[in-house]
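Combine the two chains into a complex, taking the hints into account.
Line by line, the protein sequences give chains A and B. Note that the first sequence covers residues 1 to 601 in this note's numbering. Note that the second sequence covers residues 602 to 1034 in this note's numbering.
Everything labelled a hint here was simulated from the structure, so no lab data went into it. Any given hint could turn out to be false.
Straight-line distance between alpha carbons at most 27 Å, and here's what the computed DSSO-like set of lysine-lysine pairs gives [claimed, not checked]: (1) A:Lys381 - B:Lys628; (2) B:Lys628 - A:Lys566; (3) A:Lys393 - A:Lys381; (4) A:Lys557 - A:Lys577; (5) A:Lys464 - A:Lys409; (6) A:Lys540 - A:Lys557.
Label pairs and their computed distance ranges (CB to CB) [stated by the list, open to error]: (7) A:Asn493 - B:Ser805: 29 to 37 Å; (8) A:Glu575 - B:Ala990: 41 to 49 Å; (9) B:Gly950 - A:Ala308: 29 to 37 Å; (10) B:Arg1020 - A:Glu353: 40 to 48 Å; (11) B:Ala985 - A:Ala308: 21 to 29 Å; (12) A:Glu575 - B:Thr830: 18 to 26 Å; (13) A:Thr546 - B:Thr830: 26 to 34 Å; (14) A:Glu353 - B:Gly844: 39 to 47 Å; (15) A:Glu575 - B:Ala868: 38 to 46 Å; (16) B:Gly844 - A:Glu575: 37 to 45 Å; (17) B:Glu954 - A:Glu353: 34 to 42 Å; (18) A:Asn493 - B:Arg840: 52 to 60 Å; (19) B:Leu848 - A:Leu597: 33 to 41 Å; (20) A:Thr546 - B:Glu744: 54 to 62 Å.
Residues of chain A placed beyond 10 Å of chain B at every Cβ, according to the derived structure [claimed, not checked]: (21) Gly209; (22) Thr239; (23) Glu270; (24) Asp484.
Predicted model only: the values in this text are computed from it and were never measured. For each residue, glycine too, the CB sits at the ideal point set by N, CA and C.
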Amino acid sequence: MPAPPSRIRNFSIIAHVDHGKSTLADRILDVTGALSERERVDQFLDKLELERERGITIKAQTVRLQYRTGDGAVYQLQLIDTPGHVDFNYEVSSSLRACEGALLVVDATQGVQAQTVANVYLALENDLEIVPVINKIDLPSADVDRAAQDIEQVIGLDCSGAVLASGKTGQGVAELLEAVISRIPPPQGDPAAPLRALVYDSWYDSYRGAVVNIRVFEGTLRKGDKILLMATRRTYEVTALGCFSPHPVALDELGPGEVGFVAASIKSVEDTKIGDTITLAARPASTPLPGFRVVKPMVFAGLFPTDAAQYEDLRDALSKLHLNDASFSFEPDTSEALGFGFRCGFLGLLHMEIVQERLEREYDIDLITTAPSVVYHAYTKGGDLVTVDSPSKMPLAGDVERVEEPIMKVTIHVPNEFVGAVVPLCEERRGIQLDITYPTPDHVVIVYELPLAEVILDFHDKLKSVSRGYASMDYELVGYRANDLVKLDILVNGEPLDALSVIVHRSAAYYQGRALASKLKELVPRQQYEVAIQAALGNKVISRVTVKALRKDVTAKCYGGDITRKRKLLEKQREGKRRMKSVGNIDMPQEAFLAVLKLET
Amino acid sequence: MSIGIPPWPIPPRELGVYVHFPWCLRKCGYCDFLSVALPREAIPVAAYTDAVLAELHARAPHVTMDRAAVGADGTEDPEGTSGNPSPVVRVASVYFGGGTPSLWTPRELGRVIAGVAGAFTVDPNVEITVECNPSSFSREQAESLLAVGANRVSIGVQGLDSGRLAFLERLHDGAQALAAVEAAVAARVPRIAADLIFGLPEQSAAAAASEARILAALPVTHLSAYALTIEPDTPFGDRARTGRLPLVSEELLADSFLAVSDTLVAAGLTHYEVSNYARGGHVSRHNLGCWRGQDYLGLGAGAWGTITDRTGRIRYRNTPSPERYVAGYAALGRSASRDPARWPAPWPGAVTEQEPIDAETALRERLMLGLRLAEGVDLVEAAAALGVAPFPRSRRAAIDRLTAQGRLSVDGGRLVIPRSAWLLADGTIADLI
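Okay, chain B solo, but in the shape it has when bound (with noise of 0.2 Å):
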């Protein structure tokens, strides 16, 4: 029997919710998330939302009954059903990411909102972000948004240059994407991001500093700059594997990344991960949490989460499927499965990729996501938490090196990539994992 002490060393208290809205009007040829493009009248939103309630409703007492069962006073509730939310989980974030989330109706989203609220201690200061597209985006769908909770939108400007925005096949051009800002700002939504793609054909350096220097003029809180990434299995991927999309010099994405980097430096954001902006210290709470090493619980279709229980680390993905989702759920309704030994799949189907996540495992992640972070990541801390060795021979040979070409600096336990050499992260990071 256990002497009290869990084999995993305590999960982090805040938990962030991602909630994942799997449509659009249209799909952009460069954008590998998860999307499916229909007409709006033919998108499911109430029964999305029906679906997304019985998904957290199913997840949620697992999240917090392994939390209760090592709570300070050593009762357990194994079966969870006391109704009581448990106050060891503290919701910090909630984040509507999509698809295009602007597209569910703030009526809905706001169930969804209310529902985390009722299943979950919730922080008083929580961040409740909504991802918005500028071409269903309105001053008064930002005051709906308010008015259910959500008080963060996410804008995707994605441009400002109507060609490009042509180019990158938006449904908007650069007018759109500043006034959807300025609807934004009209509305009192108290933090606003913008999001920016720079490394276009034809887009020099100077072109994309510019376009952050406009944005940063505004007031957003905060700034996402993307080098645009040719992935795989988009029609952009196709285009490039096949010579037919002109492609853009390492040379000229680098000096982009830098330039932008410079004018919003300039322009008073703190450059805090390697695509993120914040102003005022407004970071982004939900990503942050992810990039520190917290747990996030995932819902809605497609939605990955990672949560920790007592019996280790799990990452699961759920159905890619709208339609299996939806259906999977509709048949759960509110008897959604409360059964552990279940976890993480609610019912079977629900769930098509799974891994548990080692201690080894869980602080190459740490590595991977901290140094990607002006703060880096604690590698000594990280790893008593974790119980394993933070200094494995190999890893002490590497930081030596890397230290030594100026790609890392060790600050006590922490090791931190210089801003200067943000660029070269990833073959940093593969050396210290």
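Next up, chain A with everything else stripped away, as it sits in the complex (with noise of 0.2 Å):
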């Protein structure tokens, strides 16, 4: 049988990546006796290697706990873990919304950090109820009262009734326990109502196809039932329900209020939309949950193997990776320069690295990446739409007739003392301001629309940087429009590079042909021969360098007393060439191909 939702809890911990939630969450676990002795791995709940070693957590993680409170009554608390990065806001917008109420945790030795108020922004949004935690109280530099103040004067939030905690010591658990249960309100929902159960999260298993984590708004679920996606409009029949507690546990009902997961013989995670409802098909609700949105790739790189023999590893690697995260595409693509290879679309700057990143390290593939691109939409003169996903697609200049980008609205959460660092960065980025409101005289939304070009490469660094990490951002696409916007090519001797072209303002091209060139030259090693490297704007040539040709790299002498020393140089040097990846006759690093990145702006 469900729990009544009357004692039902669901909430997720928001906090600084430093600042001890994954401790308090074992701590959790620990009071709760989830984990036996032998499961208390730190950070139970992080599981990606990946994730550990950045401090992100990407995929959502979801604990059912049993609690008896002091008066002996048993309640069912969910913790709901979420990722934490602008590229999947969405994803964590979905998790929040599967919440009553948020703990947020802030360090007693550090006050509130830059990250948390972002998120805070994100939960009150999501009206979620928030609990103030001070944490590492145990510590001999923990200030209570001054963290206390600093959660009151930044973000605005009542602290009299802060729970004070050491995740360490487990000292204020029990307490944190009890406060959630009487501060964070209980779900509502009417068992007989027709089910609308929120999916917030799903990965694949190889046994049961894709499983989705779902949170039960009305209705009552139960194994056997015939479901229907909303969204996809497609049914299938539930082959599991369950919930982690830590470790998986079957069930036979969720009911209003609960999370759990569902499996569904659902063939791929393509077929799982984050944020659709779940209702059955034999009674559909009449609504879907609000708040559905399809993710789009928003970026798209080129990926190709530095060695051409790796192709079908490539093409295998990327599929494994598809089924458990379909929020990337991929197709295959082929480059003058490069080869064979895949056009990937990613989320945002990060998701693109986490997937090179264990393209690599999990499957073993040397890759080149190139430089990330917008779609964009160029019309010829002969009325055909033309989608650029790539540089090297864009149709001759003398054919086209305007060239549309994506624009997005940016909507910017700012503590008031960085507006004046925050608004001049929109401006340089072509943006046009839409509204500054204050919620609070402290708290301020910025909304500018700006190209997605602008956005995507080091909007966000940047931001984060003028406003010394506070700022917080969401953006979506709100439509195309048309720019003056030109391909800029880059010549290496005489021959164009098609995977270093990029698309740019045609104001800022000149600037950024010559800045592109200098950066290349201080990439590109010297070779053979003499390298020229040129940036043109159709046959126009705006810039030229010059590479020095290599005349000597020989040692002089390697004797018997040489060897070692002479052969570790070498090998370091040999590490060097790894990601080099052979164009013409020329060896290209593969920063070069991400040079655009890198040039000061």
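Below, the structure written as structure tokens:
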């Protein structure tokens, strides 16, 4: 039997990277007796190696815990952990919608940190009840009063009832759980109403197919039910229901307020859209839950194996990764310079880096990644629309009537003191200001329209740096708009190198061309022959640099006493060459293909 | 138990012996070989000879016993005590390097040669080389060296222009350098090698070639021509780092290399290694053995050795301190340890660096050294002997690329860097190892 909603609490934890979120989560598992002694691996909730290394959570993790209060009542607590980066804002937002409240964890020695503010804004937008927790109070340098004051000032949250805790010693963890029960509202929902359950996460299991994490809002889901996914209009039969506690536990049904996973012989995660609503095929709900959005890749880049023989390996690896992450797309692509590879679409730059790193690390493929690009719409004089997801697909300048680029509505939350830094940043990125509002005197919401091309590369990094990390942003596509956009080509020894072309605004073309050519001069190593690098707009060369030929690269003496030292030097030199791609007869390092990302703007 | 096949391929049969002499009268600013400057009378030549002989007696049984143990008759001699030198190892060369080994008295040096002959089977055509400095070399000395068994001298001419020799901080001028070669000729030394350094400040390519031409006109059998290399831990290195050393452009170094090579080849020498030239087939047998991957026993302070036994290949370096070296072996004396468990350090502190060379590493070294030779390296054969794959994917791709660029040629299993691409050999080798 599902627990009655009054005995359920759904919550997530918001914290800065090293403010002890994972340790605190582990302590909660301890207190509720969820893990055996042997299983107390640190940070149980972060599963992927990459996530641990980068200190970010990519996939949401959910765990159901039983907690007996001081007065003997048993509650079902459901902790829903969330990813934390702008590339995955939609996923975060979906996870937060599965909760009624959130714990705001702040390090007592450091006060509120920037990333926390960004996530609190997101939680507030989703109407979550926020319980402040001051953590690490066991440390000698802990200053509880200052941390509380910080929370009140920066976030505007009343801290009179803040919970004081230490994830390390376990102090305050029981009080924390009591606060979850007393302050976070229980879920609502009629168990007899037509089913409406939110899909907030999915992953691929080689035995069960795509498995989804859901939060039931209304109605009841049972094993064997025929379900309808309302966005995709597909039906499936539920083969398994369960929850993580934190090990998987099979269940017969999920009722209102409950969180759990559903397997239904769904072939691929592509069919399980985050934010979709599950209902019963036999008795469907009249409307889906609000907030669904189709997530589309925004940023496209070419991935090419440095060694052509690894093309099939790359295809296999991409297919396998795609089983678990349907948010990136890939299709075969060829480049005159780089040969056979794939054009891949990503949610953002971090997403691209994650996929690239996983391919290299988990599948041992050496890759060349080309500079990321957005999708342009080129209209020819003949009236045809050409979808340009790679600069090389841009029609010849003479045939183009106009080029449109994707425009985003970018919403930035920032403390008041940084407004003066954020606005000029948006202006220099060809932004159009839509709105500036002050929900509280210190919390400012700035809304701009910005070309996506100006947002994807380093806008988020720049925004973080001008706001000392406090600003957060979210963006959504609002449409396409014509602009004076031109293709900037790079010629190497007179031959255009298609993988290095970029599409830029004409006003910046000269500057970018010169900057790109001189950056390439730094990045391309000296070779057997002189290498001429030119930047060109159409037939017009706007910049030329030369990488002088390498004349002498040989050690004079190599005798019995020199062998070890000499070998180690050459081995080091070899490591630097692993990610070199031979284009024509020129060795190009991976960095050269991403040179456009390294320009000072 | 072993089924009789050694886990390591049967090692090369030819052995080189390198003996280091760690003193000079003065240290040259560019030199990074191990050497301590001392007045001639302060150099403990006799004590050093005793120490080298003690080391030889400590090491020789180890070098021979494993070979004896896998000998054709199948009998084992694990203690190596039978006293008979193993016929499986044959010393092909002995090389006295330094430092300035011409400061060693021929009598003392002769004791080392005799010691080697007593400890190993020696090839009848053994090459025994002594490096000589023009400032401490004469016809009489050459004759004395021949008398104790040496048959090749290598003279550190380095240059013929007295101004440039002074820049190099040599103790001799151009005339003395030529006189040293003439002394060796007069003494009828069968093989005479000379060293030359080019790429000095304000030395044109033509000037470098001209010095090479003059040396080649003498009856020398071997020439080494080195581009001046600024090594970090030398006085020249310090001066370069602080901008107090005039620098030579890479273009000039490359042009000088080619000019010297063209000149010497035109004079009838064979350019058989990046920096080495031979006349009449008189290559340096000792160094060629090393470049072809043969073992070499290192003796003396700071000497490096590389020895293969049935547990694998190991490279070691003796303590670089002449005092510690002499004191250590003096204490050991004739009772030098033959305990194989101690290999390669006969006494604690005898060896300051050691490195096991696994089969993959050994193959990389074969490539690194062999590709510096005109003959190249037979990769397929070397890999087969070591039991490793010759063509992993990345190496195959590099071979294709380098071949297309004209930096490598392939003949069956043999890889060769064409002489025209030797100037870029390091990058080529880095791609292949």
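Status of each hint after checking the structure:
no.	hint	verdict
1	A:Lys381 - B:Lys628	violated, 78 Å
2	B:Lys628 - A:Lys566	holds, 23 Å
3	A:Lys393 - A:Lys381	holds, 16 Å
4	A:Lys557 - A:Lys577	holds, 24 Å
5	A:Lys464 - A:Lys409	holds, 18 Å
6	A:Lys540 - A:Lys557	violated, 48 Å
7	A:Asn493 - B:Ser805: 29 to 37 Å	holds, 31 Å
8	A:Glu575 - B:Ala990: 41 to 49 Å	violated, 20 Å
9	B:Gly950 - A:Ala308: 29 to 37 Å	violated, 53 Å
10	B:Arg1020 - A:Glu353: 40 to 48 Å	holds, 45 Å
11	B:Ala985 - A:Ala308: 21 to 29 Å	holds, 28 Å
12	A:Glu575 - B:Thr830: 18 to 26 Å	holds, 23 Å
13	A:Thr546 - B:Thr830: 26 to 34 Å	holds, 27 Å
14	A:Glu353 - B:Gly844: 39 to 47 Å	holds, 41 Å
15	A:Glu575 - B:Ala868: 38 to 46 Å	holds, 41 Å
16	B:Gly844 - A:Glu575: 37 to 45 Å	violated, 31 Å
17	B:Glu954 - A:Glu353: 34 to 42 Å	holds, 41 Å
18	A:Asn493 - B:Arg840: 52 to 60 Å	violated, 39 Å
19	B:Leu848 - A:Leu597: 33 to 41 Å	holds, 35 Å
20	A:Thr546 - B:Glu744: 54 to 62 Å	holds, 59 Å
21	Gly209	holds, 34 Å
22	Thr239	holds, 42 Å
23	Glu270	holds, 33 Å
24	Asp484	holds, 41 Å
Consistency with the previously given hints fails for numbers 1, 6, 8, 9, 16 and 18, ordered from lowest to highest.
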